[in-house]
Amino acid sequence: MAIETACTLRMGREQYAGKARLEAEHIDFSGGMKFRFRFSEIRNPARANGNLTFNFHGHFVQLDLGGREEKWLESILHPKTLSEKLGVRPGHFVRLINVEDSVLTAQLAERKARIVGKDKSVACDVIVFAVERPAELRQLATLIDDLRPDGMIWVLLPKSSKTVTHANVAAAARQAGLSETQSISYSEAHSAHKIMIAPGKRRAVRSGNGKATPETGSHVATAGAGSGIRRASRKST
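Numbering follows my numbering, in which position 90 of the sequence shown is assigned residue number 90; successive positions increment by one, without gaps.
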């Protein structure tokens with residue numbers, strides 16, 4: 001989840017008071033001027049005199065974060081992997097739909113997550129679902145049946161698409177009785193939008209879908225991505 005705090009930014013002779021927001025792959029600053037500092041473009045990050053400091057395209061930047069600089073520095077030096085950003089934990093059951101991503105599948109193996117193939121009897125902890133057209137979002141209503149009550153669906157959208165948008169995802173989630181809770185950058189080409197079953201509806205799903213779970217079931221494919229993988233490939237960031 002993003003972290004936001006009041007901040008003073010100094011860059012050269014300029015100084016701005018505003019807010020800084022720590023995201024998974026960058027820091028956004030707004031206040032007088034707006035800046036985005038991508039981790040991949042930050043050089044020599046450090047703590048100095050209670051500030052977070054770094055070089056950014058030839059400019060020396062200081063952020064006074066009110067004592068939070070250590071956590072922010074750690075995020076820059078050791079950014080989360082893609083599987084960590086998607087909330088995948090060891091032992092999780094994961095289904096990939098329309099996704100072709102060798103980086104993600106390798107990270108899932110490293111985290112000892114299990115990739116579910118076509119077996120519909122397994123309740124998934126995480127479903128990663130890439131779409132290119134609004135009509136495909138109708139599948140959200142049926143994907144609920146494949147999800148654990150506390151599981152999550154990540155809907156991947158092409159960032160450049162004007163055909164299917166974040167607003168389409170939010171509307172489809174509401175129509176399916178789901179809650180959209182978070183958006184992240186999945187890759188240079190795709191954004192990811194997190195969908196979950198609303199807490200008040202989880203009890204009904206728990207008693208109603210009758211699927212095997214990691215604790216109770218063993219119906220799982222531990223190799224291959226299985227479920228119609230075709231479209232969303234990931235470029236390195």
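To be clear, the hints were calculated from the coordinates, so they are not data collected in a lab. As the structure is a prediction and not an experimental result, all values here were calculated from the model. Take these hints with a grain of salt, some might be off.
[Unchecked claim] Distance condition first, Cα-Cα at most 20 Å in a straight line; then the derived EDC-like pairs of lysine to aspartate or glutamate:
hint	residue 1	residue 2
1	Lys71	Glu41
2	Lys120	Glu132
3	Lys159	Glu100
4	Lys34	Glu4
5	Lys80	Glu14
6	Lys85	Asp64
7	Lys120	Asp150
[Unchecked claim] Computed spacing ranges between beta-carbons, pair by pair:
hint	residue 1	residue 2	range
8	Lys19	Arg174	45 to 55 Å
9	Gly18	Thr181	34 to 44 Å
10	Glu84	Lys159	17 to 27 Å
11	Gly18	Thr142	42 to 52 Å
12	Gly67	Ala2	29 to 39 Å
13	Lys19	Glu41	18 to 28 Å
Beta carbons: idealized from backbone N, C-alpha and C, even for Gly.
### Query
Hint by hint, which ones does the structure fall short of?
When the structure is compared with the hints, numbers 2, 5, 6, 8, 9, 12 turn out to be violated.
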